[in-house]
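Asks: Spelled out from the first residue to the last, the chains are:
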Amino acid sequence: MKGIVTVLGRDSVGIIAKICAYLSERNSNVLDISQTIVGGYFNMMMIVDLSDSSEPIAMMASGLETIGRDIGVLVKLQHEDIFNAMHRI
Amino acid sequence: MISIDEVRETIRMISESNLDVRTITMGISLLDCADSDEKAFRGKIYGKITRKAERLSRVGDEISREYGVPVINKRVSVTPIAIAAAGCRCEDYVEIARTLDRAAREVGVDFIGGFSALVQKGSTPEDHKLLASIPQALAETERVCSSVNAASTRSGINIDAVNVVARIVKDAAMMTKDRDSIGCAKFVVFCNAVEDNPFMAGAFHGPGEGDCAINVGVSGPGVVKKAIEAARGADFETLCETVKRTAFKITRLGQLVAREASRRLGVPFGVIDLSLAPTPAIGDSIAEILQEMGLEQPGAPGTTAAIAILNDNVKKGGVMASSYVGGLSGAFIPVSEDHGMIEAVRAGALTLEKLEAITCVCSVGIDMVAIPGDTSADTIAGLILDEMAIGMINGKTTAVRVIPVVGKQVGDTAEFGGLLGSAPVMAINHFKCGDFVRRGGRIPAPIHSFRN
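Top line first, the protein sequences correspond to chains A and B. Counting in numbering that gives the first Met the number 0, the first sequence runs from 0 upward without gaps. Counting in numbering that gives the first Met the number 0, the second sequence runs from 0 upward without gaps.
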């Protein structure tokens, strides 16, 4: 099972590091990262392999939200299927 | 591979345009609960509902968290009680309504539908018992929704039932007069009622359904509005295409959630209902879509055409996105639940007659409309009869959910709170129709019901 992590907010030092640390502590492998920074706004998407994760996706989603709040950005983790369903036939 | 732009589009739909799954409704058959002892029957239905729907709320919340999409309501619909309770020896069905209310509270759903009777052609003594119990049931329960099917394209219109229903509306209004007659907000009368509708107040689990099914209502007026903003000034081809593409995406989301809920609950997937349903929130309004299309206010000339193309394209996009489409799949214009419609009524743009005209194309009915409390039962019967006739002749579902707000007049506002919103009291034609509706009997089935 794959999850999509998205981060949106003002750029600051260590955003990716904090999120990756959280994911690796829960045995979740980052498969792909893409990011853009426009006008100081940080916009990132990560595709994460959750098949061997030590925590259920709902719990990790709320954990990542908390990290986001601490550093002042919006972080979401969602099951990949929602995007596949909406954008692929 | 999904691109960052596609991911952002979905997230924006959810966070900025109120995209959500409006309801996961579990339909539960109560046919196997039949018992001549009313107390035993109540014990069985309570047991079955709480057993089947025990995990409904929790599963809805789980899916919501995992996919990051709000699932607003979790609801239950049951076999029409007039059928399920037909074998019970009892005077009335009010106690059964209380049992449904308790079961709904126990499983954490905000509404349970199915305190209903199907009387389009005739009524049994049990149907009469149910009809007589409706006003008290609505007044004394919080979550029970009730509906009556009084007409169909196949059978015609049961005028006797329409007259009884008009009386029910008046009585329910009176019995809940201290709460702006809110009892009527939980009651709807149909022509061509559908058996798998997930939306309240008209949801019931039809006798042709299986033991249990998951039906899902998706929504997203805000998303459609946002999408057509980008097509401002473009021709109708572009407008229709935009609505269609958006509806496809919205429905795919509903399909995903429905499949997942069905899998996790171990209950077959029934249908996706393709209806655009508003909520009182800003940005979640059908009226705003009409304005974005180019109408100053809903009710302006062109409104009927706008609603027609809106809903036709929602269906065209949605049908492709889901394996089973059903339910009402029409435009909902519940006036009290759409801030833009409320404004249009206040501005004098939207009248009851225009709302009736819209039901000829796609709208499902005169929905959540407050009328003066002193409106007579005959006038309400006339209004219902007009809607039933539109449904019967056009072979579509139509419905009436009106609230004659006791003690209020045109210009006043009825406050229902929460999802039911607030309704400006609308003017209704005061010329009499009593001698017409009180002829009674049945209107024969229309000529195009003979299709065989």
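Bear in mind the hints are in silico, worked out from the structure with no lab data behind them. Glycine included, C-beta positions come from ideal geometry on N, C-alpha and C. The reader is advised that the hints may include incorrect statements.
[Unchecked claim] Under 7 Å between C-beta atoms, here's a sample of chain B residues computed to sit facing chain A: (1) Glu5; (2) Thr9; (3) Arg11; (4) Tyr66; (5) Leu255.
Asks: Now tell me if each hint is right for this structure.
Replies: Taking the hints in turn, this is what the structure says about them:
Of the supplied interface hints, the one on Glu5(B) holds, with its beta-carbon coming within about 4 Å of a beta-carbon of chain A, less than 7 Å. For Thr9(B), the interface hint holds, the least distance from its beta-carbon to any beta-carbon of chain A being 6 Å, beneath 7 Å. Evaluation of the Arg11(B) hint against chain A yields a violated restraint, the C-beta minimum of about 10 Å exceeding 7 Å. Of the supplied interface hints, the one on Tyr66(B) holds, with its beta-carbon coming within about 4 Å of a beta-carbon of chain A, less than 7 Å.
Nearest Cβ of chain A to the Cβ of Leu255(B): about 4 Å, under the 7 Å cut. The hint holds.
In this structure, only the earlier hint numbered 3 is contradicted, and the remaining ones agree with it.
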